[in-house]
Amino acid sequence: MTKRIITFFLCFYITFTCIVTARIYGIEDTPEELLKAELNNTKKSGKKINIYIKLADLYERSREYKKSVDSYQSALNLKPKKKEQYKIFLSLGDIYLVEQQYASAIESYKKAAELYHKKEEIRLKLAEAFEESELYEQALEQYLKILKRNKKSFQGNYRLADLYLKMGLNTQSMDYFRKALTIKPLADVYRKISNCAENKRDIDLAIAMLKQITNDEKNYEDYMNLGRLHEIKNLDKEAEESYSKAIELDPKKVEAYIFLGILYLKDKKYTPAEKLLQIASEQNKDLGLSYFFISYIYYRQNNLKMALEKIKTAKEVSKSEVLLGFYKRFESFIRSQ
Amino acid sequence: MKNNLVRYVILFSIAISVCSTLYPLDEESFLTNYLWDSFVNLKPPKRPKIALVLGGGGARGLAHIGVLKVLEEEKVPIDIVTGTSVGALIGALYCSGVNIEKIENMAENIGWDDLVNVSGPTLAKLLIANRLLSSERMEKYLRDNIGNLRFDELDTKFACVATDLVTGERIIFREGEVVPAARASATVPGVFEPVEYRHRYLVDGGLFDNVPCDVAELLGADFIIAVSVSGDFSKNKISNVFMVLSQAISIQGRLLDQESLKMADIAIQPYVGDISSIDLGHSRECVDAGILAARKSIVKLKHMLINKTSDQYLFE
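One line per chain: the protein sequences are A and B, in this order.
Under the numbering used here, think of the first position of the first sequence as 1, with each following residue one higher.
Under the numbering used here, think of the first position of the second sequence as 1, with each following residue one higher.
In short, the hints are calculated from the structure, not lab data.
A virtual CB, placed ideally from N, CA and C, is assigned to each residue, including glycine.
Fair warning: there could be bad hints in the mix.
Computed far set for chain A versus chain B, every beta-carbon distance over 10 Å [claimed, not checked]:
#	residue
1	Ile5
2	Tyr86
3	Lys111
4	Tyr116
5	Lys119
6	Leu124
7	Lys151
8	Gln155
9	Pro185
10	Gln278
Below, a sample of chain A positions facing chain B; criterion: calculated Cβ distance under 10 Å [said to hold, decoys possible]:
#	residue
11	Ile6
12	Leu10
13	Asn284
14	Tyr296
15	Ser318
16	Phe326
17	Arg329
Please work from the sequences and hints to get the whole structure.
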């Protein structure tokens, strides 16, 4: 009796260990294999469609797009229901878009749109595919269709505004961004309106829009843009504040040091200018610009030896013929003094 | 569709160029713009005297407006303007102080009936009885915008070119009233009656000098920006008397253009080859083509001008 009990427990233990080991080392059927096995075992077309869709989804997640497309096509061959067809065409469109096969993406999205033409989601996808293939007029048409059905569609207004911005139609762009703003006052919308305003040379509005977001959100690029806009308006003090804020937010980025350094340089504040440009050169040793401007500061302070030293460094790290040309000119100018 | 795409590409590239120096930091653009800021604050003789030469080309010449827009946006100082035909018309408007937005609006709204009587009977007389059209409407249109300004009263130095139909001489207008001079420069032979001026019968300057770069040099230019709007005349559909004459002028003008452009420091050639010289319905495409061509050349232009400026003035 005892022997039988021991044998039983031994067998149980071995089996249990084998199963655990198999699981640990992945010696088991993969989801793909399981689905394929399920596919072979089922004869109902409805169930097969579901399995093909799951397989396609699996392949899509692992970026095996060709297999994904094949699975979706197999599902389509089994004449799925309207809802399933829509999902399939939508997913196919997404895959083709990722693969930059824009014509196929448009075709798939169009088929999805034929099934549910009122859905905003598919119109947005179609517009995106048109935009990617630079068929801007067709993209416009889709956005306008969305807005005809629903004037308060945030995506419709926002994306249409963005397209107009791309096309350089700043007035129309501004109109739609403003509408989007009334629906969802997101920081990105303020930024876009600021961009439109700057394109239209309405710098005051551009500044006002950025100030709306910098009160709540602290973003390096916003402060840099604010600084730049203040400089355009010759508001040097405000520009200084904005660049300083940018430095505070991200001390490792080099642009703010350069812009602020040059702002001080313009005001002949050579000491703080030099300090900032030195930091910029330490942050990025390959930035010829910082050495150039430091050289310029030394020149203005009549320290020609150091000016020459720095411009030599600028030349060494220079990445382009144009820059090298400017640096060489400045070098020979210093030598001629 | 293609023209709209061109427009979108143009305007998109304008939009990104506004912020292109910022992220990531484009050193070349940044330094160019920094030195450019020094340059634009200089006056001759500390910087080169810059001339803008606007070539003839009929309706295609509306591209000059696009070029002017970009040059203004980029603060390129223009000290002298010379022009032939449509270049003379636009040059005259610009130099008399009409702002570029207004000129652009005018271009979008202009029709041939603003410049000439295109009624049925008048055209019939042209075709059947060889009675040339009068360009008095053109003169009125110009006067409504420029008034009685004289050359020496203009904001910017200006000259335009016409041709003496009798002697074949080139006539350079640098003095007197601007409007009759510009009108004479744009009087297409065979279509408009020659303009009688100081005992001469004057027609379009394009017969002799479609892109008057040498006139710019004569006026003292150190640096010449030439804008040529020659058409691709091989694509023209020649279906009537006007087109025959227009084609003849285009062919001749093109050959002369190529010689004149050699004198320019930089030539801007908007792609308007597809547009007929008599078709005023493509003003938007022409202006956009001008913007695109100018945008393509602007960096090179800045570099050239910076390089032509003495270090002493640039780095001080």
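Hint-by-hint comparison with the structure:
Every C-beta of chain B lies more than 10 Å from that of isoleucine 5 of chain A, the closest at about 74 Å, which supports listing it as non-interface. The beta carbon of tyrosine 86 of chain A is kept farther than 10 Å from every beta carbon of chain B, the shortest such distance being approximately 30 Å. Lysine 111 of chain A, annotated as away from the interface, keeps every beta carbon of chain B farther than 10 Å; the closest lies near 24 Å. With a closest Cβ-Cβ approach of about 29 Å to chain B, tyrosine 116 of chain A is found to remain outside the 10 Å limit, as its non-interface label requires.
No beta-carbon of chain B comes within 10 Å of the beta-carbon of lysine 119 of chain A; the shortest separation is about 27 Å. The non-interface label for leucine 124 of chain A is consistent with chain B: the shortest C-beta to C-beta separation is roughly 20 Å, beyond 10 Å. Separation of lysine 151 of chain A from chain B is adequate, the least Cβ-Cβ distance of about 25 Å exceeding the 10 Å criterion. No beta-carbon of chain B comes within 10 Å of the beta-carbon of glutamine 155 of chain A; the shortest separation is about 21 Å.
Every CB of chain B lies more than 10 Å from the CB of proline 185 of chain A, the least distance being 23 Å, so the non-interface label holds. Every Cβ of chain B is farther than 10 Å from the Cβ of glutamine 278 of chain A; the closest lies at roughly 17 Å, confirming the non-interface assignment. The closest approach between the C-beta of isoleucine 6 of chain A and any C-beta of chain B is roughly 72 Å, which is over the 10 Å cut-off, so the hint fails. At a threshold of 10 Å, the smallest CB-CB gap from leucine 10 of chain A to chain B is about 67 Å, leaving the interface hint violated.
Because the smallest distance between the Cβ of asparagine 284 of chain A and any Cβ of chain B comes to about 9 Å, under 10 Å, the interface hint for this residue holds. Taking 10 Å as the C-beta contact cut-off toward chain B, the hint placing tyrosine 296 of chain A at the interface holds, the least distance being around 7 Å. For serine 318 of chain A, the shortest C-beta to C-beta distance to chain B is roughly 8 Å, which falls under 10 Å, so the interface hint holds. With a cut of 10 Å, the hint placing phenylalanine 326 of chain A at the interface with chain B holds, because the nearest CB-to-CB distance is about 6 Å.
Taken as an interface hint, arginine 329 of chain A checks out: its beta carbon lies about 6 Å from the nearest beta carbon of chain B, inside 10 Å.
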